[in-house]
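Line by line, the protein sequences are chains A, B, C, D and E.
Take the first sequence: its position 5, counted from the start at 1, is 395 in the numbering used here, and no numbers get skipped.
Take the second sequence: its position 35, counted from the start at 1, is 528 in the numbering used here, and no numbers get skipped.
Take the third sequence: its position 127, counted from the start at 1, is 162 in the numbering used here, and no numbers get skipped.
Take the fourth sequence: its position 216, counted from the start at 1, is 226 in the numbering used here, and no numbers get skipped.
Take the fifth sequence: its position 99, counted from the start at 1, is 1597 in the numbering used here, and no numbers get skipped.
Just so you know, not all the hints are guaranteed correct.
[To be verified] Across the chosen pairs, the derived CB separations fall in these ranges:
1. Ala-1749/E - Glu-92/C: 38 to 44 angstroms
2. Ile-577/B - Ala-1544/E: 25 to 31 angstroms
3. Leu-499/B - Leu-1695/E: 55 to 61 angstroms
4. Ala-564/B - Asn-1743/E: 35 to 41 angstroms
[Said to hold, decoys possible] A few chain D residues facing chain C, derived, Cβ under 10 angstroms:
5. Leu-16
6. Ile-20
7. Leu-23
[As the list claims (entries may be wrong)] Away from chain D, derived, C-beta distances all over 10 angstroms, residues of chain C:
8. Ala-94
9. Pro-428
10. Ala-444
Just so you know, the hints here were simulated from the structure itself, not pulled from any lab data.
Beta carbons: idealized from backbone N, C-alpha and C, even for Gly.
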Amino acid sequence: MLYAFGGVALVCLGLYGLVALEHMLRRILAVNVMGTGVFLILIASAARAEGAPDPVPHAMVLTGIVVAVSATALAVALACRVAEQEQEGRPEGEVKP
Amino acid sequence: MWVDVLSGLALVTGLAFFVAGTVGLIRFPDIYTRLHALTKADTLGLGFVSLAIALQSPSIFVALKVMLVWAVALAAGATACNLIAQYADRSGLRPWERGEP
Amino acid sequence: MIGVGAETWLILCIALPFTLAVAAYVVGPRANLYVAWLAGLAIPLASAGLCYGVVTEGAIRYAVGGWDQPLGIALHADVLSGLMVLLSAVVGLVTCLYGHRYLGGADDASSRSYWPLWLMLWGALNALFLAGDAFNVYVTLELVTLASVGLVAMTGKAVSVRASFRYLILALAGSLAYLLGVALLYAQHGVLDLVMLGEQLGTDWASVAACAAVTVGLILKAALFPMHFWLPAAHGSAPAPVSAVLSALVVKASFYLVLRYWLDVFPASVTDVGSFVLSGLGAAAIIWGSVQALRTPRLKLLVAYSTVAQLGYLFLVLPLLRDAAQRDAVVTGLICLALAHGLAKAGAFMAAGAMQRVAGDDGMHGLRGVSVSTPVAVFAFALAGISLMGLPPAGGFGAKWVLLDASIASDNWLIAAIMLAGGLLAAGYIFRFIRVAFHTEEFAGSVVTRHRTLEWSAMALALAALLMGFLVEPISIWVANAGAAGTTQLAEVVP
Amino acid sequence: MTASVLMPLIVLLSSLVPAVLIFLLPADRHWLRGAMSLGGATLKLAIVAIMLWGVFHEQTYRLTIPFLPGLPLTLHADALSMFLITLSALLWLFTTIYAIGYLDNAPHRRRFFGFFSLCVSATVGIALAGDLLTFLVFYELLTLTTYPLVAHRGSAKALQAARTYLTYTLGGGAVLLLATVWLYHVAGTLAFREQGFLNGLVAEQGPTLTVIFFLLIAGFGVKAALVPLHGWLPKAMVAPAPVSALLHAVAVVKAGAFGIVRVVSDVYGIETSDQMGLLLPLTLAASFTIVYGSVRALAQDDLKRRLAYSTVSQVSYIALGLSLGSPIAALGGIVHLVHQGVMKITLFFCAGNLAESAGIYRVSQMRGIGRRMPWTMAAFTVAAFGMIGIPPLAGFVSKWHLGVGAAAANQGWVIAVLVTSGLLNAAYFLPIIHTAWFAVENSVNGKSDDHKDAAEAKWPLLAPALFTAALSMIIGLFATADASPLTWATLIMRREFGL
Amino acid sequence: MTVWAFDILALLALVWLAWRAMTARRIEVAVVTFLPYGLLMALVWARLRAPDIAIAEAAIGAGLTTALLIAAANRIRRRSAYERAADTAAASSRSADARLGGWGKQLVGAVLACVVGGLLAAAVANLPAQQAGLSPQVEANLSDSGAGNPVTAVLLNFRGYDTLLEIAVLLLALIGVMQLRRETPGPVVSAEQRHSLVLDSLVHVIVPLIVIVSGYLLWRGGDAPGGAFQAGALLAGAGVLLILNKQARPAWLSARVVRAFVAAGLLMFGGVALNVMWTGRNLLEYPIELAKPLILAIEAAATVSIAVILTMLFGGVLTPHRAPSLQGGAS
């Protein structure tokens, strides 16, 4: 169960990063850290029982990793585009929410 | 029995190389020397560790697989080292010379 | 429907959009026309079939892969999910028409991704509404998120790319919070099936923390105040058909999940305090969203802020669910409110899009006197507004009536007062635009290019929202029947 | 589908269908549009005539459409609803004719006539509403459909007025909604019943019902322009004349007053509300409004504003009559619903004619206009005399019954209110009439300073005014005839009080 | 004892690396730190008896994610360098080193993290010590699933529906990334990396090796750790190498063929899922005797799709414009 607490720590770290960081890539990293934290909690709790660990959380985490990399790729592509547009200095009708 | 002693020996040797590589990474003055420490010492260290594991493995196939892993790491490390050094060179980084900080 | 079982419709509701999406992706833009027609006809048909089956035969549980729960994944269709699928079918049908016209003319290459993304989104929404498994919900949530983000960024304009990045990060955080909740639930109870979770949940630490995590994650995605900040920019900057779908369906999907969890899974674990916190946030959302809508300089932002406000209603009345006597009424009211808002908001965004096309911009100033140029769109906007304001005979009115009745019956006067005040604020921002549209000043935009399909699509949805009031009674009957048969609530409430 | 179901539907659709068709019609098909408006109006009038006969012979007309859970929309024709529906059907026909003439060559006619028809549909719905929910539905629809009419000109002033109108009426609507839901929660039903449906609940739920009563009155009071909820009415004067006529005589104000009548007589029941002591505050509010409106009217130079304050005052006669708790006074109040409508619409037609033909907007511009526009001013004079309450015109009939009823209810002070109001009415109408007929025009070189060189208004504008003026004379003169409003109101009272 | 020491050390290192990965002063350092973080994570997975995840984490979490982030950091930094040369004032306003938001944000973040951490820790601490979860059911039905590896059985049979949707997630991300590329090449295009002979020869050796290994992983996945995701991710690694080495796309690999590869997994999986319904079965209910070959077929197609999609995701981020040669594509 030690690893589950490690997962909690990573989740919190990611959460802090998500709130406190401004750089887009850092926020993506923060989300990824948070994600691994959640995965860690899942797998750590699956490994509680003696004997073979529960395979269902393993499958869930595998799915989660693929989802995470998909989302990261999209986020990274968006971040690049935002950065480029910022630097080209062509704010097209800035909208303030 | 002999196998255990041998693999233990290999493991310790490997570790020694790793320590040396790491110290080099931290202490050496410029990128080229650091690369040198890292790729040479660490690769060798990995080789010894792989050897240790191979000796402990249940079948010859597993042992071969472990050695294959080492071979791939060797190739990758060498290539990466080459690429980094090339890039550094192109970027105009000059090798360190005695007397410089 | 004759010959085909409700279960087949259930599968078709999910399989059709995905199949068409893949087809649209593989074949490319040449297939757009066929894909649009096929999707617009076939998916609503399947949805209607499913809805009919659910209403006549009761809730459906479907074991995917033939594996029983808890090992396998269950699909679950009841009145609530059936009606949500139907909502996406209606909005989706019109979106297909509208989208085809809206993007048809633009030879912007980025619009080529519209059809695969939108159809994937449709399928993901249906899959989400029909999911009966906590982790499956997570996957569908991610599908919905990625498709929505892709659609928002479709134009590649700086504003929308930035908005979609923020949306993505926030939505990912929301999904992760949700997944965290699922992890805790699984760690505690060892099952993922929603029915079984509902039976097992108690007041232990893990269950309560999971409730909190799931709820927080979902309200982040449902843009409940104060987590709404990503919504106006994203919904306001997307192309009109996308905004329509986002506001009408995507945020509704997260709300649907909140409702689903609070109805069927959490009752034993959540407290009144929790529901009043959500209710308070809902109230704040109504007021904040409305005030922003009264101030914003752009029409689409106005509509987007209206979404923030309208979502507030959905959460405002959650405490009423805790009163068992009012449960059916509140569920009816919430379903009706969600449906009415979905139709009306899609109509409003489509109307705004049609006007934007003519005016070239959606700034309020440039839209002065736009009723000369696009009378149908302005009319549609106004009709949709009637539902948003909660005036009769629109669906918004029926829902509000039912909810007011329930809140008076359970002595929640503050909730009733906020609902009424929210209606007046909505009137404020709707008529703020109508005033602009009626302005006599010469309309600056083009008067020649009218987009009849766009205008009448908006009109169709607005009319649907207006007439939805007459569906309130049937829905209340379905909900009551399902409640009597023990199927709205997947599981019995543990006292 | 029997006649009993069909009739209310046709009455409703006879303006709803033209409205939809008008919206769909190309904007330049003026003739077809006019034909549809008039055709709808005529059809409606014919059906209403048949229904009148039917209701008199105790035939029931009832249509229910499923709507909210346990609360269908109910259209039900009773004597009271026929009263309002006849008024609106008749006056709609005149107003349509008038509007076609008035808006000749004006922009946005499609929108105008579309909403005009919708507005009448809503009024019909209000009249036929068989329960409070149905009433509320059409009441709110009326608000929505009149907004575009008030804002029609699109000028900053018109938009501002429309905004004020909306603020008041939607606020009132929200209060009404709350009261209605609450009432439903308390009583479990909302269906109008003669002598009310709350008798059994008074003992248990007295205080709650009192609160609900005042919420309902406040909600309806907005449209009925009870002081202090009247603020929108004078501002709404910027609307085109036919709209003002509609607002004041047929639809909006009447809807509010009618709502008060329904609440007092068919929700609470006059006797029940009297027992609960709810009527005295209403009497006081109505009396104050009557005097206040008249006093304010005195000070207005703008003709339409003066008429507007006059409406504020006159409409409260209806509430006053109901609130006295005596059948005769109630008779006076209810009959005033029609009488005030006919007279006030005449006045607004005339004001519209003056504005349209002579460019006259203010009383001070009216010097000598009577000689230029004799027919218009004749109609105006008749209606004004009626408003003052000069026998044998329509206004006198209402006021007489109100006075007698007040005396019967031992509320002598109300007679004083009536007399004061009559004097004030005279004080703000007689100067207009005097100026129009007897004052000499300020003219330079034969050109008028005050107004355009105007001849009489053209016939589509004049005919409706003359006709309604004549009508106000006839219903006063023949008040006791079989088909008069008074007789019909007596019928209502008989059924209402169970006499 | 030693195991405990390892656990604590690994966790401390993880947290430290995570912190560095988010807040290292230079963004390049932060991004690169994610690589050891991911590798350590893979080690932790292995320690937690989750070899399937370990492989996937090493390939996807550590490898591909880091590659994506490095490519992005490069792209963003390159642009700002370009910008700095043109206009120093404009660039300094938005330097990459403005790591943290204002004090308010930091405070909120810290408080939030502490509160959430406390609650979560309490929840985790109170979890039951034993919870078998679904493993008994998985064990009981493993023989009917057509896969010997329980994780594969769950992924492709018991919860195959999740996996099916997950491949759709990948496709969605791909469409999203691809639509963000521009029609025309950007003003600054990567030309820094010259063709390297060493890399070239490595690629020539290692790509075939990777193909073999991933085939092995795929084949073995039925009964032992491995499977479509791991194999696909590995293949994608080969694809990334090819892209980095500026390997020209073979002529037969037209855009449509690429799209077909991309869709293959979803089509195969969805096709199987739906087609078993003709015989009156439920969605995804494989006939028991056909389960093994069907799963293998699905996995094979999925591997190709996953590989192509992941490669193209990287390619899409690396090259912001639609250029014919760099659109990726694995062999």
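- Message: When the structure is checked against the list of hints, which entries are broken? Sort them ascending.
- Response: 1, 3, 4, 5, 6, 7, 9, 10
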